[in-house]
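Protein sequences, first through last, are from chains A and B. In this text, residue positions in the first sequence follow the numbering used here: the first is 1, and each later residue adds one. In this text, residue positions in the second sequence follow the numbering used here: the first is 1, and each later residue adds one.
Check each hint, because a few of them may be wrong.
Label pairs and their calculated CB-CB ranges [as the list claims (entries may be wrong)]:
# : chain 1 : residue 1 : chain 2 : residue 2 : range
1 : A       : Ala-210   : B       : Ile-106   : 45 to 53 Å
2 : A       : Leu-74    : B       : Ile-106   : 38 to 46 Å
3 : B       : Val-71    : A       : Leu-74    : 34 to 42 Å
4 : A       : Ser-196   : B       : Ser-163   : 27 to 35 Å
5 : A       : Gly-5     : B       : His-299   : 31 to 39 Å
6 : A       : Thr-107   : B       : Asn-69    : 34 to 42 Å
7 : B       : Leu-169   : A       : Ser-196   : 54 to 62 Å
Stretch by stretch, here's where chain A covers chain B in the computed footprint (C-beta under 8 Å, at least three residues) [stated by the list, open to error]:
#  : stretch
8  : 98-106
9  : 195-201
10 : 220-230
Hints are computed from structural coordinates only; laboratory data are not their basis. Only a predicted model underlies this, so the values are computations on that prediction, with no experimental measurement involved. Quick reminder that beta carbons are idealized off the backbone N, C-alpha and C, glycines included.
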Amino acid sequence: MKRAGFATRWLPILLLLPQLAIIALFFYWPAAHAVQSSFYLEDPFGFGSSFVGFDNYTHLAGNSEYGRIAQFTLLFTVLVTFFSLALALLLAVKADNVIRGAKMYRTLLMWVYAVAPPVAGFIGLLMFNQNWGPLAELAKSFGWDFKLGVNFGDTATAMVLVSVWKQVPVNFIFFLSGLQSIPKSVREAALIDARSSFRRFWDVTFPLLAPTGFFLLIINITYALFDTFGVVDVLVKGEPGNNPMTLVYKVYVDGFRGNDIGGSSAQSVILMVLVLALTIFQFRLVERRIHYT
Amino acid sequence: MAQVSLQNIRKVYPNGYEAVVPTSFDIKDGEFVVLVGPSGCGKSTLLRMVAGLEDISEGVLSIGDRNVNHVDPADRDIAMVFQNYALYPHMTVRKNIGYGLKNRKIAASEIEAKVQVAAKMLNLTDFLERKPSQLSGGQRQRVAMGRAVVRDPALFLFDEPLSNLDAKLRHQMRIEIKALQRRLGVTSIYVTHDQVEAMTMADRIIVLNAGRIEQIGTPAEIYHRPASTFVASFMGAPPMNLLKADCSEKRVILKGNVAVTANAADGPIVLGIRPEDIEVGEACDIPFTVDIVEELGAHRLLHGQLDGQDLTIHVGKDVAVSAGPIRISINPDAVVLFDAETGLAL
Ligand SMILES: Nc1ncnc2c1ncn2[C@@H]1O[C@H](COP(=O)(O)OP(=O)(O)OP(=O)(O)O)[C@@H](O)[C@H]1O
Ligand SMILES: [Mg+2]
């Protein structure tokens, strides 16, 4: 590949400066601050703080509530990732079959992507409204008395549904373009080789989508872990109580509601390490991205 | 192995474009038929209709004695070799070749045996564990062939299988495919736009033009007795010379000389003559000026103008000619006359 060069050394740095400043200001500085405060016990009323070493971390390790939330987060992430990938794949395969309508499908599904997470959560809130929410009504017609924000399982279900709904369009777009990049003649060869469309899908289409799938898997795990904050926030209405929440939300609750800055910082450092690990894994994957042909 | 019959097969694409006008022909059991024609004439469309990859708009297609108009591609008992080979990139050569068998509920041991035989036939034994991306173009081509022969189908379909290979490999594979088809005796339809491939491989050639059959015949018939000026100028390199001439009193006059006598009406006529059917010599009757001599080693091509029309002459390497005036004569037995209006042979 040919590299384009700059005439002076300073110009690129100058051009990068605004972005670097933003990253430093909104990421590195707070991150460093979080690492620092995770080693301190902060007075809830702001009267100084004392160094406590790894106490905040060891405290978390022994905390059963934190363990439970971690478990829920794991389950939540698995469910959201699985369903948003599976549903998107199904839609993409269907849309791919009707090439004429594909553009329309794409546009319609993309609208959802434009919805901000808190707004998605709010829509979920309306849909699951106990008195008149259409989805709650639907559940009721099956004999399921849906109590959002009161019943743990019901709230968790709503959280998963809304998060999946929000993520499907992104996956759909990637899957659809993945499907359309499979050479037409390869599919036609499969058409001659295998009678069953089920076999053709699992033997030919699915393996050829695998690179797209791996990539989306990471994206979706990251999404379920972190980007669902807005959805969770709206659905539990800032009243954690008996409600399910994810690790990211717990950081917020402990830090800003519980005023436990040290503990909350320790939690966010743990999450930071998790993101770092995922990111490294993803880069590795992209580097070794399976290139057929 | 089977005969194939197309009756009034027509293709109109959803956008209204008629790619194939109603077309009929039969292919005998074990016959190698080549569909040839310029780009966009509907060769692939016709082949893909036979394969079942494209709907047949009208007409009846039968393979063997079975009407297969509405039969799935997998059930037509055909195998197809694609221009870009269409190998499954994630499967090894072994799996690529065996995949069609696996889906036909054949025992694994039998599949392995058949794959081995096919691989041996195509010199692929050493590559069975490789993925297509680890093969050269020629080897991929062989795998595509292997995928077809292993199935032992009633009909082979080839869509320009050699056009991605270099000239030398193309020549070699041409002979191998032909030999393989002879040996297996499988009825084959082969699409190409390369008239040399058509001439050398075909038992019978079908020349297509704009979705219409121009001529069906053996390579010799197509070459020596073209049914139209289109076929005359499409087949052969260099193509047949086509000269506008006049016919009067059953005689075709070319540059004041009687070239040939013909049972045709008076008026303008097109005279077709292959470059190798023109003789050069002192005793010949037509004066001609050579502008350019093309030296090709085994023979030479002489280019010049006769009556203001381009003419190419093919002479052996022993005939010494240089640019300048010479005398030529046209072999009247080799002349094909065409209607000046319709372009059809008279
Ligand atoms: N899906 C389609 N919709 C509309 N028109 C099409 C479609 N596919 C092909 N055509 C048209 O039908 C005609 C025949 O196409 P076809 O692919 O059969 O040509 P071909 O003879 O195989 O040419 P080539 O030698 O370039 O492969 C072309 O004019 C092409 O533009
Ligand atoms: Mg074609």
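Hint check results:
1. Ala-210/A <-> Ile-106/B: 45 to 53 Å: violated, 27 Å
2. Leu-74/A <-> Ile-106/B: 38 to 46 Å: For Leu-74/A and Ile-106/B the Cβ distance comes to about 45 Å; the hint holds.
3. Val-71/B <-> Leu-74/A: 34 to 42 Å: violated, 50 Å
4. Ser-196/A <-> Ser-163/B: 27 to 35 Å: The hinted range 27 to 35 Å holds for Ser-196/A and Ser-163/B, with Cβ atoms some 32 Å apart.
5. Gly-5/A <-> His-299/B: 31 to 39 Å: violated, 55 Å
6. Thr-107/A <-> Asn-69/B: 34 to 42 Å: holds, 37 Å
7. Leu-169/B <-> Ser-196/A: 54 to 62 Å: Roughly 36 Å apart at Cβ, these two residues miss the hinted range, so it is violated.
8. 98-106: holds (count 3)
9. 195-201: violated (count 0)
10. 220-230: violated (count 0)
Going through the hint list in order, the structure does not satisfy hints 1, 3, 5, 7, 9, 10.
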